[in-house]
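Chemist: Take a look at the letters that make up each chain.
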Amino acid sequence: MAHDTAHAMPVETSTGLDTRKVAIWTFIGSECLFFATLISNYLVYKGKSLVGPLPHSESQCMLHGQMTTCEPIFEIPLVTFGTAVLLFSSFFVVMALNGAQRGNRKQLITWLTATVLGGMFFVGMQVYEFSHFYHKGLGFTTNLFGSTFYTLTGFHGTHVTVGVIWLATMLVLAIRGKVPPAKALNLELAALYWHFVDVVWIVIFPVVYLMR
Amino acid sequence: MEPHPSAAREHAHPTPTLYLRVALVLFTLTALEVGGYEIARRPGAPLHEVVQQLIVPILLILSAAKFALVAMFYMHLKQDSRIYSGLFVFPLIIAGVLIAALIALFAYLRMVYG
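Residue numbers (my numbering), protein chains in the order written: chain G, 1 to 212; chain S, 1001 to 1114.
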């Protein structure tokens, strides 16, 4: 208990800001550059694939050892639904944070559960999408589209998975009553990471799926 | 002891009503993105020609608006210390320049070497 109290104590810093929050923002800044390189990689090779499957148009592709005509590979309705769920999960986590800051444990647990479920749905959607694409003939080395697409969305999916694990840990702590208002910053740090994952998808969704 | 000016700006976070309004705006902007995509890919759809010509800037503007809404209201950059905004926006500008520079470089190489 004494250990918990010590963690909740505000620490004096030269900026007046909590160093953990400065650290997460610095990390998020570095992640901007990481995803910028992956998005650039996707864009500079866009439309340069020599064989299919392709995202928006029919193409000749190798499937089960035979050259055949492949349908456009993207399923926009499914990804749109996943995008909406991810966007709403950002709303859910700010509601959970609001509950944590006001000491409303029921609000905190309810909205945090919704956030974790939303994140799990998104990861599930991506796993389904990847396996579906693979069965339609798009492997990691099939063409430039496959390589750049799997790299970009795969790294984003990994970030979402890390976020789900982080938020699920916070949920367990909240259920055990270990996220009092004095320690709401712990949830705020996880929420900032989650929002960053969301804003990256806000860029990826139109750039990869909607721009032909 | 007086609180540091940066610290004084913290913890004035928005209300749940504002959070909900932002969520609804985000949902609407996403619907507009997908609607624009569908109109652009279907010949014969109303405004097809115009939307097809403008779909890339439309998507970029809608995406930027969604990005700004999440950063300002959900990530609390509008209420929190400007130091956090600096830590986010400065790398974001570099990221934008990086993307533009790489696209320009590859376009130039393609033009020169085919």
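These are calculated hints, taken from the structure and not from any lab test. Incorrect hints may appear among the rest.
Calculated from the model, a selection of chain G residues having no Cβ within reach of chain S, i.e. all distances over 12 Å [claimed, not checked]: (1) Thr15; (2) Gly29; (3) Cys32; (4) Met95; (5) Tyr150; (6) Gly154; (7) Ile175; (8) Val207.
Some chain G residues judged to face chain S by a derived CB distance under 7 Å, without partners named [stated by the list, open to error]: (9) Ala23; (10) Phe27; (11) Leu33; (12) Asn98; (13) His159; (14) Leu192; (15) Val199; (16) Val203.
Just a sample of chain S residues kept apart from chain G, beta carbon distances all over 10 Å, derived [claimed, not checked]: (17) His1013; (18) Pro1016; (19) Thr1030; (20) Pro1043; (21) Ala1045; (22) Pro1046; (23) His1048; (24) Glu1049; (25) Leu1054; (26) Lys1078; (27) Val1112; (28) Gly1114.
Since the model is a prediction, treat every value here as computed from it, not as a measurement. All residues carry an ideal CB built from backbone N, CA and C; glycine is no exception.
Chemist: Each of the hints needs a verdict: does it hold here or not?
Modeler: Here's how the hints hold up against the structure:
With a closest Cβ-Cβ approach of about 5 Å to chain S, Thr15 of chain G is found to fall inside the 12 Å limit, against its non-interface label. Non-interface call for Gly29 of chain G relative to chain S: violated, since the shortest CB-CB distance, roughly 4 Å, does not exceed 12 Å. A beta-carbon of chain S is positioned within 12 Å of the beta-carbon of Cys32 of chain G; the least distance is around 4 Å. Not every CB of chain S is more than 12 Å from the CB of Met95 of chain G (nearest about 6 Å), against its label as outside the interface.
With 12 Å as the threshold on Cβ separation, the claim that Tyr150 of chain G sits away from chain S holds: the shortest Cβ distance comes to roughly 19 Å. Every CB of chain S is more than 12 Å from the CB of Gly154 of chain G (nearest about 19 Å), matching its label as outside the interface. Annotated as non-interface, Ile175 of chain G keeps its C-beta farther than 12 Å from every C-beta of chain S; the closest such distance is 22 Å. With a cut of 12 Å on Cβ distances, Val207 of chain G falls inside the contact zone with chain S, its closest approach being about 8 Å.
Nearest Cβ of chain S to the Cβ of Ala23 of chain G: about 10 Å, over the 7 Å cut. The hint is violated. Taking 7 Å as the C-beta cut-off, the interface hint given for Phe27 of chain G is violated, the closest approach to chain S being about 9 Å. A cut of 7 Å between beta carbons decides the hint on Leu33 of chain G: the least distance to chain S is about 5 Å, and the hint holds. Taken as an interface hint, Asn98 of chain G checks out: its beta carbon lies about 6 Å from the nearest beta carbon of chain S, inside 7 Å.
Given the 7 Å rule on beta carbons, the hint for His159 of chain G is violated: about 15 Å separates it from the nearest Cβ of chain S. For Leu192 of chain G, the interface hint holds, since its Cβ comes within 7 Å of a Cβ in chain S; the closest pair sits about 6 Å apart. Checking Val199 of chain G against chain S by beta carbon gives a least distance of about 5 Å; that is within 7 Å, so the hint holds. For Val203 of chain G, the interface hint holds, the least distance from its beta-carbon to any beta-carbon of chain S being 6 Å, beneath 7 Å.
Non-interface status of His1013 of chain S relative to chain G is broken: a Cβ of that chain comes within 10 Å, the nearest being about 7 Å off. A beta-carbon of chain G is positioned within 10 Å of the beta-carbon of Pro1016 of chain S; the least distance is around 6 Å. Taking the minimum C-beta to C-beta distance to chain G, about 6 Å, the non-interface status of Thr1030 of chain S is violated against the 10 Å cut. Distance to chain G confirms Pro1043 of chain S as a non-interface residue, since its nearest Cβ pair spans about 13 Å, more than 10 Å.
With a least CB separation of 15 Å from chain G, Ala1045 of chain S remains clear of the 10 Å interface cut-off, as annotated. Every C-beta of chain G lies more than 10 Å from that of Pro1046 of chain S, the closest at about 19 Å, which supports listing it as non-interface. With a cut of 10 Å on Cβ distances, His1048 of chain S stays outside the contact zone with chain G, its closest approach being about 13 Å. Here Glu1049 of chain S stays apart from chain G, with its beta-carbon at least about 15 Å from theirs, past the 10 Å limit.
Taking the minimum C-beta to C-beta distance to chain G, about 12 Å, the non-interface status of Leu1054 of chain S holds against the 10 Å cut. With a cut of 10 Å on Cβ distances, Lys1078 of chain S stays outside the contact zone with chain G, its closest approach being about 13 Å. For Val1112 of chain S, the requirement that its beta carbon stay farther than 10 Å from each beta carbon of chain G is met, with the minimum near 15 Å. Distance check on Gly1114 of chain S: its Cβ is at least 13 Å (rounded) from any Cβ of chain G, clearing the 10 Å threshold; non-interface status holds.
The structure does not agree with the numbered hints 1, 2, 3, 4, 8, 9, 10, 13, 17, 18 and 19 stated previously, though it agrees with the rest.
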